[in-house]
Structure formats: structure tokens, C-alpha cells
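Going down the list, the sequences are from chains F and A. Take the first sequence: its position 77, counted from the start at 1, is 226 in the working numbering, and no numbers get skipped. Take the second sequence: its position 679, counted from the start at 1, is 664 in the working numbering, and no numbers get skipped.
The hints are simulated quantities; they were obtained by calculation from the structure and are not laboratory data. Beta carbons are placed, not taken as given, at the ideal position from N, Cα and C, and that holds for glycine. Hints may be right or wrong, so weigh each one.
As the list claims (entries may be wrong) - Partner residues aside, some chain F positions facing chain A, computed with beta carbon under 10 Å:
1. Arg166
2. Leu167
3. Phe194
4. Glu201
5. Ala210
6. Arg251
7. Ala257
8. Cys261
9. Lys277
10. Ala278
11. Arg289
12. Ser303
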Amino acid sequence: MKRRPAPHTTRLPRKGRLVITVNGKKRSYAGPAFKRLIDVLREDFGLTGTKEGCGEGECGACTVLLDGLPVASCIIPVSQVSGRKVETVESLANRSLSPLQRSFMEEAAAQCGICTPGILLTAWSWVKAGGSADRDAIRRHLSGNLCRCTGYQSIVDAVVKTIKKRGGR
Amino acid sequence: MTKPGIAVGRSVPRVDADAKLRGVAKYIDDLRLPGCLYGVTVRSTIAFGAIKKIEFDPCCPWKEAVIATTKDIPGENCVAVIEADQPLLAPGRVLHPMEPILLVAHPDRNMVWQALRHVKVTYEEMDPVLSIEESLARKQLLRGTDNVFKEYLIEHGDIAKGFAAADFIVQGEYRTQAQEHAYIEPNAMAAWVEADGTIVVAGSMQCPFYVQKALKRIFPDRNIRVMQAVTGGAFGGKEDYPSMLAGHVALLAVKSRRPVKMLYDRSEDMASTTKRHPSVVRHRTGLTRDGRLTAQDIDVLFDGGAYLTLSPVVLSRGTLHATGPYACPNVRVRSRAMATNTPPNGAFRGFGAPQTLFAAETHWEKIAAETGLDPLALRRKNLVRPGSVLATGQVLKESVSASEALERCVRICSYDKTRRRYSAANRKPGPVWRGIGLALVHHGPGFTGSGEVTLASRAAVALEADGTVSVLAATTEMGQGEATVLAQIVAETLGLDMALVRVATPDTAKVPNSGPTVASRTTMIIGGILMKAAAKLKEAVAEELGAFPTTAAGLKKAARKLCAKGPLHVEEEYQKPPEVVWNETAYRGDAYGVYGYEAIAVDLSVDRVTYEVKVRRVTASTDVGRAIHPDLVRGQIAGGTVQGLGWALTENTVFSRGRMVNSQFTNYIIPTFADAPDMDLDIIENPYSRGPYGAKGIGELPHNAPAPAVAAAVRHATGLLVPDLPILPEKICHGLLAKGRKGS
């Protein structure tokens, strides 16, 4: 057998450089076109807040926002996000935690913390879009993010609290 | 609830919350190790057989890789847990699928996985033992002369007399499946060798000193240092397996002389690492006409897998909880853990108790069905109260809340009214049947029997030169909130603001051995040791300065005076309460110093077309002694309950020739946000005099109750008792068809 390159080592055609807006900053990437977005974020950009839980888009730990919508960064090749906006957990807090993160802190909604970045981003996409404080609706929106510690109750509480603080219902 | 103190009884922010919410907490995969290699494991593809040949495909650039085999092991080829029967790498024969055979490391994280396809192992296969029944039948002899890893026998009273006095005798058989922990961070570990030859291992784990002890057998001539990284969930799944992984990663680091990381992917983690022991439990129960227990004869069988690992202690806890929280004058419990050619089963939240309590609690439904007595009335009549005697002869003296938990739960969920309402509605047409079911369980926190005495755990507090107080223990934070709770206990005892107390990260070079972070022992046992140490520190400082300062400035001043030669360090060791007496040889006495109690009601619906079960609401009344941190206590109850619901309904481990074939989140279904119900969590505080501020351990108790309550609720909804987990729609469908009943 010849040493065949894996799909992800296929180089981009021509100049092979792509630009992604990550957390509001333009970043350029030159590498394999089919490298997973999660690996580009973690290895090339040093943003290790995005976590891998299953590598097959089931657990949601690697969730980032792509043009504002939650996606599983472990099943997205980086070439697909060229020219688009990616937000990771690192974008949520400034010096102080965001209101959503503060609600998570007050409700003890992060336990082991490995699913937390992904859940924060999915929850933020709901809150930001004016989602309701209806518990079942929140549960459905977040159902692509697995958590094994909390039983989910404290997380739903934290999201409801954030929406109510913002004047939502 | 008890009035809160300055720290205890308050839901303060978790000490690890900020880093975790910002995404800056460093799990092992986030740690940068320049020049590091990535290691993978070549594993057996068969269940049982001899390794005939190992070939490396010559097309691969093996020169770039580092390969470690049994020949590279300097000491014993073993992973020492209770015994040392499990090899680190298979020595010429394999006893289960996914058994590690050799290791490969390579600088390219993606390339290294491809190496696995180019190592060819040829076996001489033997017919494997794949079930408890095949093990009992001695299809092959895997252990001793009877395939039994361990057995226990409890005899209390005279069961022959008990059955003679019975008006009813009811028999039942109950089965539970393996359960995967499904922590969201798979097992992961890194190792490197320091200039002085010390092997350093860092990673995701529950028990740094277990890992160190195991590595000492593998590398007898080396210093071993083990550090915990931020750990993304464990639930027992990172109790013994990390010792195996640490041995592998250290072996590669020593051979390559470079740092090495081993990060399991989800499928490898699920298929290779430990699970909850599958079980078969048989009950034969005698009762009087009015429902009083006269005899319980219980036979417990656990599938231990291919090696002993933790099976004896898991079986012991299962055995001791097998009667449920009930007082019966005549009891016999016989239990055995059997060897099979499947990956070793191990620790999982509840540690054997969820299996035997599923049987004990579900058996009330069987009794109710056969005698016409009401399951709630049966429990009320037989539950333990202060002064009750358990099967080991233990007299329950304090903090006995079985009755209070049951009555509060029943009241909060309006059990009787709801039950009548659903029964009436189920007789009419509709899309679903509704049901509500109860379970009442107990759990002994801390190690079983004389375990805590043997462990002789040590923990320390120290006044540091910078005017803070540090908490030193090997007890790990894995999400449960250990760091916060221990800081609260120390802050309360010293009268200090929480901000002045820091909990050290477990590192065998820096902290005393406070034992493993398991068995619901952290708050109660380690918290208790730390409370004593803090009290002594307070006394020592007060002796020098007149009083213990409680302000930051005062503490700084005290530190300047007292810490000139280093931190003022007070270390304490676990002391057994004198009234707790256990006889290990006779297997009698106080198996646990105290028990926690929980009653839950599960309210669910069953679709009349698809037989899909939807849990609508859970009500749990849980006696925790004292809630040091009420939100974290609720977090444990909510998390354990949903894990228990998953085990009851969807978490169906499927094995083929001993290998788990659904080792993915795609087809091993754990509950999602949409599956989990809203829960009424009612905390009962019935203090335990030996627990810090009255606290009892709470981590495992909530996993004991959901499954039998689901079985009871499904029976209420459909009239069908499903005695084996998980209660899949197919089982309900087939069961109802067999009874000649169907839905819409």
C-alpha cells in the first residue's frame, strides 16, 4: 500500500488561503481544506474553549455559531466556512461574564463544564433571537446538546432567568 | 431547611464556574505539550483466544512511529486495582474484545489512527463465555473452578420459618443491562518523563493515588507523580480505567522519551472502558395477609467481565442494598460476580445498588399484582424506622428518613389522587396511557464496611504565607462541586470568607492521600476530616494570637507572624466513629455508618400506538442530612435522576460476540434536554451527627430510584410489568400483545 494522504490533507486549490471572521476578528487560514472546523479553531487559532465530545455531530459539545446559528464544528470542513462569521465561547465574555453566563453561574448550571461552551452558544442563539421563556421550547432548542451531569434542569432555569432579565417572556 | 451559616447552607458561586463558563478551564486535550506524540491502542477484535502472530504492514512508515509492546514493560504487566489479574497489554492471549495488545505513538494526531488498520493480529479463537448463564454453566473456565470472582452470603433470622409463617409467597426475576457512563469528555491522559527520571502523568481521573499505585507496579524503579487535569465528568467511569490508560501513556512516554497524549475517541471509549455490571436478581418473598414481610430470599448475579477489577466491592454494595430500605426478620441474600469474556465492568454511580434496588422495588409491583395489596401501603408497612434491624444485624440509630421521604413525596405529587385520575382516564380512549409510580431507596455513603478504616484517608488545611487558607486533598473535582463544598466547610469552620480559601488541584506530589473520589464519600468523609483539621488550625492560631482572625488583613498579619518558616499546616486522618462496628469475616454489623433515603414518583405517559414512554414529571424527596450547598445538592439529584431515567428507558447497550456494537451517541441514547422532565426536588435535612454540619453523602443515591419508579409507572399506565431494563417500546408492545391487550 502507498502512503495515501487522508482526505483532510488535500490542499486548497490555487492560493489556498481562506478568511474567516472568528469572534469579530478576520483570521486567515492556509491548510488542508477539509480540516474540521473544530481542529482549525483549537489548533490553528488556539481557541480551546470549543470541546470535542463525540466527533460525529451528536453531542453538541463542539457547537459554535456560524452566521449566528448553532452548528457542530466537528462535522464541518473549514472550507465551508470561508468568508463567514464564526463565534466561539471566547466571544461571550468581556472582562466580565455575559448576562447568560452570569445566570449559568447563579443557577450552578455548569458542573464538569465540558458541554458548557456548546450549550452557552446554543442557548445564546435562542436568547439573542428573542426566544420565549417557555421551558419546553427551550428544551427543544437545546436538544442537540448533551449534558450528563446536570439533568438539564439548572440549565433551563438559567436560560429562563436570562430571558426574563431581558424583559422576555 | 436549616438556617445557613456564613458559607454552609448557601448556594455560593462554584469556585470553578468562571473558568468553565469562559471556556478557559484546561482539560487535558487543551494542554499544550510541545513536541508531543499521540498514542493509540491496538485492541483485540475477538472475545477469547491466543495471539498467534502480530504483523506490521510494511507499507507504513513505522520508523516515524514508536511502538510499545509487553516487552517494554519494566515491571509487572498488570493494572493493579484490588487484584492484579488484568494485564496492561495482553500477554499472548486475550480474554475480551477491545483488550489492549500494543501501543503506537506518532507526532501526527490524525495519521496515528490510520496505523491501527495496518497492524494485523492473528488469533487462535476459542469459544467465548458471553453471558452470566454461560458463565454459570462453565462453558469455559475463566476463573478458578467455577468462574466466580466473588460471592457473599447474608443470613438473618430463619427464612424457612419466615416462609412457613407467610400467607403469600411471591417470586420474581429482574434483569438490568450494562450502562455506559457517557461522560462528555472521553478518557484522556498525558505523560512525560522529567530530567530526574520521574514519570509525570496528568489527565482526566477520579483517583490520582490509585493511578500512582498502579504505575508503581509497572515502573518499580521510577518516581511517579500523578496530577489531575480538569475532568469532564466521570460517574465512576474514571475510577479504575485511568490506571490502565496511565500505564499505556507512561509506557509510550518512557519509550519515546517525549511527552505523549492519549485521547480516546467516543467509540473507543464506549467499547473499551468499564460499564455498570449487568445483573440478574431473583426474589422470593413471604408476606402475611396484611402485607408484612416474613421472609426475603434474594439471589444476586452480576456479570463482572473478563477481569476482577472492582467487581468484589461493587457486588458487596449491591448485596448490602438488596433488601431495599425495609425491615424483614428473616433474610437470605446470596450473591455472585461471574467471569465472562466481555470488557471488565466497573464502578458506576450507585456501585451495584441500582441493580439490586431495581429488583427490590420492582418486586413490590409484582407482589401488589399477585396479592392485590397496594404498593404504597406495602412500603409504609415495611420500611425501616429508627431502631429497625437490617439483614447484617445493623441497628439503625439516627437520621432514618425512609418514612418522611415517602410521605413528603406522596404529598407533593398528590400520588393517590393522580393515580386515581390516571386510572380513570386510561379506561377511556385517547392517544396515551398515563401512569405514576413510586420507588423508595436508600444508599450508604462512604466505603462499605471497614473500607474507610483501611483507606485511612488524610487531608490537610494550611495557612499560607500570602494570608490565604489552602485545602489539601487528593479528592477530585469532576463536576459534582467538590472544590466548592470543601471550601465551604473549611470557611465555615474558620469563620472566613470563601474568597480566602483555596482548594489545591490534586497532585500526588503536593497533597495528602485522601483516597479515591468515589462512593459518595467526599462531603461526608473528606469534609469531615477537613472540618477537624480546620478546627485544629483555628485553635493553633488562636493560641498564638489570642483569636483566629477572620478578615483578609488580619489573616495576612497572622501569616506574617506564623508562616515565616512555611505554611502552618494541619493534617488529619479519618477516625472511625466508635459506635460503627463491622466484622468483615462474618460480613455482619454496621455496613455503613448511616444511610441516605429518597422517595421518588415518576409521572409518565405511554403512547398507545408507538408505546414510546415520555416522562412528564419527577418528584423526589431526598434526605441529605444537611445541604452544604443546596443548588449543588439539587444538581446531584437532578443529574442522577436523569441518568437513572436513561438507564430505565433508552440506554440499551448492545453486544455482539462480547463487543459493544452501539458505541456511539448516535445509537446509544442518553436523555437529551427534550427527554428530561422538569423535576420537583424536595430536600430533607435530617442531620447525621458524624457528618460535617450534619451532611450525608448524596452523589449516588439519586441513581437508585428512577428505574423501579419507571417500571411501576409503566405498569400503572399499561397494566404490564416489564421486569428487565431498559423498558423499550418493543418490550411494552410484545408484553401487551402476549397479554392479549393492545393500544389503538
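Hint check results:
The closest approach between the C-beta of Arg166 of chain F and any C-beta of chain A is roughly 21 Å, which is over the 10 Å cut-off, so the hint fails. For Leu167 of chain F, the interface hint is violated, since its Cβ never comes within 10 Å of a Cβ in chain A; the closest pair sits about 20 Å apart. With 10 Å as the threshold, the beta carbon of Phe194 of chain F stays out of range of chain A, its nearest partner Cβ sitting at about 13 Å, so the hint is violated. A least Cβ separation of about 7 Å between Glu201 of chain F and chain A falls short of the 10 Å threshold, and the interface hint therefore holds.
Evaluation of the Ala210 of chain F hint against chain A yields a held restraint, the C-beta minimum of about 5 Å falling below 10 Å. Hint status for Arg251 of chain F: holds, given a least beta-carbon distance of 9 Å to chain A, under 10 Å. Residue-level restraint check for Ala257 of chain F holds (minimum Cβ-Cβ distance to chain A is 4 Å; threshold 10 Å). Taking 10 Å as the C-beta cut-off, the interface hint given for Cys261 of chain F holds, the closest approach to chain A being about 3 Å.
Interface restraint check for Lys277 of chain F: the shortest CB-CB distance to chain A comes to about 17 Å, outside 10 Å, so the restraint is violated. Hint status for Ala278 of chain F relative to chain A: violated, with the closest Cβ pair at about 17 Å, above 10 Å. Because the closest C-beta pair between Arg289 of chain F and chain A is about 5 Å apart, less than 10 Å, the hint holds. With its C-beta approaching chain A no nearer than about 6 Å, Ser303 of chain F sits inside the 10 Å limit, and its interface hint holds.
Of the hints listed earlier, those the structure fails to meet are numbers 1, 2, 3, 9 and 10, in rising order.
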